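Required output: the full structure, derived from the provided sequences and hints.
Just so you know, the protein sequences line up as chains A and B, in that order.
For the first sequence, my numbering assigns the number 1 to the initial residue and increments by one for each residue that follows.
For the second sequence, my numbering assigns the number 1 to the initial residue and increments by one for each residue that follows.
I should point out that these hints are in silico values taken from the structure, not numbers from a laboratory.
Note that the coordinates shown come from a computational prediction; the quantities given were computed from them, not determined experimentally.
Beta carbons: idealized from backbone N, C-alpha and C, even for Gly.
Treat the hints with caution; some may be incorrect.
[Claimed, not checked] No farther apart than 30 Å at their CA atoms in a straight line, the calculated lysine-lysine pairs in the DSS-like style are these: (1) B:Lys-231 x A:Lys-77; (2) A:Lys-79 x B:Lys-229; (3) A:Lys-411 x B:Lys-195; (4) A:Lys-246 x A:Lys-19; (5) B:Lys-195 x A:Lys-448; (6) A:Lys-132 x B:Lys-229; (7) A:Lys-37 x B:Lys-229; (8) A:Lys-40 x A:Lys-218; (9) B:Lys-229 x A:Lys-199; (10) B:Lys-229 x A:Lys-21; (11) A:Lys-34 x A:Lys-75.
[Unchecked claim] A few chain A residues facing chain B, derived, Cβ under 7 Å: (12) Glu-118; (13) Gly-123; (14) Met-395.
[As the list claims (entries may be wrong)] Just a few of them, taken from the derived set where beta-carbon distance is under 10 Å, the chain A residues facing chain B: (15) Gly-60; (16) Cys-355; (17) Thr-359; (18) Gly-363.
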Amino acid sequence: MSQDKERELLLEFSHFGFKYKAQAEPTLHDISLKMYKGEKILIAGPSGCGKSTLASCINGLIPFSYRGEMTGSCKIKGKETSQMSLFEISRTVGTVLQDSDAQFIGLTVAEDIAFAPENDCLGEPDLHQLVKRTADLVGIGTHLSNAPGALSGGQKQRVSLAGVMVGDVDLLLFDEPLANLDPATGKVAVELIDEIREKTGAGVVIIEHRLEDVLHRKVDRIILMNEGRITADMTPDELLCSMLLKENGIREPLYLTALKYAGVRVTPEKCPGGIRTLSLTEEDREKVRSWFRNESGTEAAQEGRVMLEAEDISFAYGNGRQALDKVSVRIREGEMLAIVGTNGAGKSTFSKVVCGFETPGSGTIRFGGSAGWMGLSIKERADHIGYVMQSPNQMISQIMIRDEVALGLRKRGFDEEEINRRVEKVLRICGLWPFRSWPISALSFGQKKRVTIAAILALEPEMIILDEPTAGQDYRHYTEIMEFLKDLRDNGYTVVMITHDMHLMLEYADRCIVFHDGKVIADRSSAGVLTDPELVARANLKETSLYDLAKMCGIGDAEAFAKHFISYERTQVRR
Amino acid sequence: MKGIFNYIDRPSPIHELTGAAKLVCLLLWSFAAMSTYDTRMLIVLPVLSFMLFAVSKIRLRDVSFILTFTVVIMVLNNLLIFLFSPQHGVQIYGTKHVLFTITGRYVVTQEQLLYHLNLVLKYLSTIPIVLLFVCTTNPSEFAASLNRIGVPYSIAYAVALALRYIPDIQMQYHEISQAQQARGIEMSRKESLIKRLRAAAAILVPLILSSMDRIEVISNAMELRGFGKHKKRTWYMGRPFRAGDFAAVGLGILLLAAALVLNHLNGGRFWNPFV
Chain A
1 MSQDKERELL LEFSHFGFKY KAQAEPTLHD ISLKMYKGEK ILIAGPSGCG KSTLASCING
61 LIPFSYRGEM TGSCKIKGKE TSQMSLFEIS RTVGTVLQDS DAQFIGLTVA EDIAFAPEND
121 CLGEPDLHQL VKRTADLVGI GTHLSNAPGA LSGGQKQRVS LAGVMVGDVD LLLFDEPLAN
181 LDPATGKVAV ELIDEIREKT GAGVVIIEHR LEDVLHRKVD RIILMNEGRI TADMTPDELL
241 CSMLLKENGI REPLYLTALK YAGVRVTPEK CPGGIRTLSL TEEDREKVRS WFRNESGTEA
301 AQEGRVMLEA EDISFAYGNG RQALDKVSVR IREGEMLAIV GTNGAGKSTF SKVVCGFETP
361 GSGTIRFGGS AGWMGLSIKE RADHIGYVMQ SPNQMISQIM IRDEVALGLR KRGFDEEEIN
421 RRVEKVLRIC GLWPFRSWPI SALSFGQKKR VTIAAILALE PEMIILDEPT AGQDYRHYTE
481 IMEFLKDLRD NGYTVVMITH DMHLMLEYAD RCIVFHDGKV IADRSSAGVL TDPELVARAN
541 LKETSLYDLA KMCGIGDAEA FAKHFISYER TQVRR
Chain B
1 MKGIFNYIDR PSPIHELTGA AKLVCLLLWS FAAMSTYDTR MLIVLPVLSF MLFAVSKIRL
61 RDVSFILTFT VVIMVLNNLL IFLFSPQHGV QIYGTKHVLF TITGRYVVTQ EQLLYHLNLV
121 LKYLSTIPIV LLFVCTTNPS EFAASLNRIG VPYSIAYAVA LALRYIPDIQ MQYHEISQAQ
181 QARGIEMSRK ESLIKRLRAA AAILVPLILS SMDRIEVISN AMELRGFGKH KKRTWYMGRP
241 FRAGDFAAVG LGILLLAAAL VLNHLNGGRF WNPFV
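Okay, here's the thing in C-alpha cells:
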C-alpha cells in the first residue's frame, strides 16, 4: 500500500457504468479499477464484453463523441473526465486505434506525427525538430517523407505510436493493436510497446483478446471483462492457473493447454505468464513426454482428385512489381488449405489470378483437369470457385438476407423456384435459416460474414477462397466460423483460406502453402511450417509456443508434438 | 492498379509553387478561357499549358486515361453540335462561306469550322491545366496554403483528405467491382440502362458502407489528437509565398485581362475574321 501512495494514480474508475444513448441496457456495469503511472495492464474479454467501450471512456470519446448516460466516477489524474474536455484528456491519454491503416491522417510519416502538435499551434522550427526527435525515438526517423500506407506492418505501428507519443502523454492506450498484424509483426509490436514504456515511463493499457501474443512480454495485471463487468483483476501468473479464461471466452496460450492435457498441475510458482518465464520441474517434463506419442504416419495422407492446378504462374502489376514469380500450386478436392505469407508476398494476387480478376503474364491454370479455365470470364469462374472478401461490408449490397443470398442466382437467370430451393438450402447450411426474413443490418459481424459466404455458396461452387475468414474475431466467433468452414469441407467443398492466424493454420488447415516475395517457399503441414524456425522467419510468422514447449521438455520432433496436440484436441477434447 | 489521376511527386518548378497560388492562377486561367471565343487567345492558352506540362515533368502518359476520356467527350460534343446545328457558325458570324455540301442542310461552311475549332481549343485550354494542377499539388501543402489565404482550416483539411483518399477509393472500387462481377453483376454495355444503374448500386452500396467505417475511424483519430482544439493551427507542410507564386498569380491576371480586352476590341465574345 505504501508503495502505491508514492506512485501517481493515473486512472481511477469507481462503480462506473455507462449506457449508450441508442441502447436500452447499459454496456458497462459497476467498473472499479485503479491504474498507476508506469503500470502495464491488459484488458481482455470476448467481443461485446464492453472492453472497447471502456477504452472509449478512458480516452474521452465517451462522453464527448458517443453520447450516453454515465454513472459512478471515472477520474484521470484525479479529475472527473466529464468535467474535462476531450482535448484535455488527449494531453494525458494517447490512443492507438485498432486499424493502423485507417487512422493515418497525414500524407507522409512526418505529417502524421506532426498532426497533434500542429493542432497545438506549434510553430517552426520547433515543429520539425519535435517530429524528428519523436520519429527517432520509435526508430522511424529515416522514413519521414514516406507515405505511411507504403510502409511495412511493423513500421506502421511505429508511426501510429509516434503520432500519439509526440504529445508526451502519461498513458498509452492500445485498442486491439494486434488485430490486423501478421504474427511476426505482432510480436515486434508487443516488443515495441514495452520498449517505449521503458523509455518514457508511461502507463500502458492494452485491449486485446489475443492473450498469448500480448504475453510475449510481461504485463503487470490482466483485467478480464465479460458482459460489461470486470470478472478478474490479477497477475498473469495467477490468472493463467485459474479456469477464468475459459469461463470468459478467452483462448488460453497453447503451451498451457498442452500442459493441462498432459496432466501437469500449473501453479503461479511455475510462472506460466509467458513461455519464457515458465519453469517446469523434471517431473512435469516427464509428464509431457509421456503424454506425447509420435503418431506421424498413422494418419494417411488423403489423396483426393486434383481440382485446381496452377503451373508457373507469373504476374506483374502495372508499376512493374513482380507479384507472382513462376508459382505452381495444386489443390485437391475436399482439402482445407491455408495460404500464408506477409502482406505483398503474393497470396492475394494468386487468388485474384485464380478467380480471373487479374490475367497472369504467363503460366496456366487447369480446373478439374480442363485447360479451358483460362478462357472463362470472372462470372463463369465464379460458378466453380467462390471468393469471399475479408470484410462483409465490402460485399453486401442488399437490405434483406434473402435478397443478398439470391443476388447471384437472379443475375444468372435462374427461375424463382430454383432460387428459393437453393437459398433455403444455403441458409440452413450457414445457420441463418432462423433469420431468413431479417434485414442484414440487424446481424452481428460474424453473422454478416456468414451471409456473404451463403451468397457465394448459393452459386454452388466446388471450391471457396476466403480472405482472412477470422480477422478481428474473438475465440467464440473464431471457433464458430471455423467449425462452420470445417463442416463445409466435410460436405465436400474445397476450402482455401488466406490467413495470418496461426491458430487457424494449426488447428484447421490440412496443408499450408507459404508465399514469400511472389514465390511459393513451402508446401507442407501447418505443424511443420510453424515449428521450422527458418521458414517462420522468412514468412513473417511466429513459432507456435508448442515448439518452445517441446524444446523445453527435450522432445526433438516439435512438428510431431504439435500434430499430436491437434489430434488430441480433435479426438479427446472436442465433442 | 493505376490511379486515374492524383498527385505525382516529381521535383519541378511547378511543384514548388504553393497550392493556393496555383489555384488562383487556375481559376483566373479558366475564366479567361471561358470568357472568350477569340481564336488567337485560344491558341495561346493550350500552347502555354503544354509548355507548363513540359516544365512540370508530368508526362502525358501519367494522365492518359483522363485525357483520352476528354478527347472522346470533345469529339462527341462536336459531332452533336454539327448534327443538330450545322449552321451555328453562320448564325454567329453572320456570313456564309460554303466549302462543300454533304447532304440537305448539312453544308460545311468556314464559319462552322471556325466555331468547331474554337470549341476544340477551349477544351485544350482548360483540361490540361486542371490536370496539371491536380498532378503537381501536394494535398497537404494545398490545405496549408488554402488556410493561408483565408479558408477555415477544417474546410482546408477536408479538401486535403478528400484528395488523399481518391486513390484509396479507386482501389476499393476496383476490388469490390471484381468481387461483385464474380457474383454476376455486369456493367457491360449489353445491359439496359436500368440494369446498369442497379449494378452500379451493387458496387456503390458496399463502397459507401466501407467508406463510412473509415470515416468514423479517421474522425475519431483526428479528434483524439486534438483536431479542432484551437481556432488556428500550424502546418508542417506550410510554405511561405515566394516570387514564383506572385508570378503565377500575375500570369493568371494577365491572361484574364487579355481575354477581357480582346472581347472589348472584338465587340463581343467572338472574334470574326469574315468581315
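Inset, instruction - Would you mind confirming whether the straight-line C-alpha gap from A:Lys-246 to A:Lys-19 stays at or under 30 Å? - result: 27 Å, holds
Inset, instruction - Would you mind confirming whether the straight-line C-alpha gap from A:Lys-132 to B:Lys-229 stays at or under 30 Å? - result: Holds, at about 23 Å.
Inset, instruction - Hold the hint about A:Gly-363 up to the distance rule: shortest CB distance to chain B must be less than 10 Å. - result: 20 Å, violated
Inset, instruction - Given the hint that A:Lys-34 pairs with A:Lys-75, test it: the Cα-Cα distance must not exceed 30 Å. - result: Measuring from Cα to Cα gives roughly 10 Å; hence the hint holds.
Inset, instruction - Using 7 Å as the Cβ threshold, decide whether A:Glu-118 counts as touching chain B. - result: 5 Å, holds
Legend entry - A:Met-395 as chain B interface residue, shortest Cβ-Cβ below 7 Å: Check passed: Cβ of A:Met-395 comes within 6 Å of chain B, closer than 7 Å.
Legend entry - Agreement of hint A:Thr-359 with chain B interface, Cβ distance less than 10 Å: 12 Å, violated
Inset, instruction - Would you check whether A:Gly-60 satisfies its interface hint, that is, whether its CB is within less than 10 Å of any CB in chain B? - result: 8 Å, holds
Legend entry - Restraint check for A:Lys-37 with B:Lys-229, where alpha carbons must lie at most 30 Å apart: Within the cut-off at roughly 26 Å; holds.
Inset, instruction - Decide if the proposed pair is consistent with the structure: A:Lys-40 and A:Lys-218, CA atoms, cutoff 30 Å inclusive. - result: 8 Å, holds
Legend entry - Interface hint status, A:Gly-123 versus chain B (Cβ within 7 Å): 5 Å, holds
Legend entry - B:Lys-195 paired with A:Lys-448 [C-alpha distance capped at 30 Å]: 26 Å, holds
In the structure shown, a violation is registered for the earlier hints numbered 17 and 18, in ascending order.
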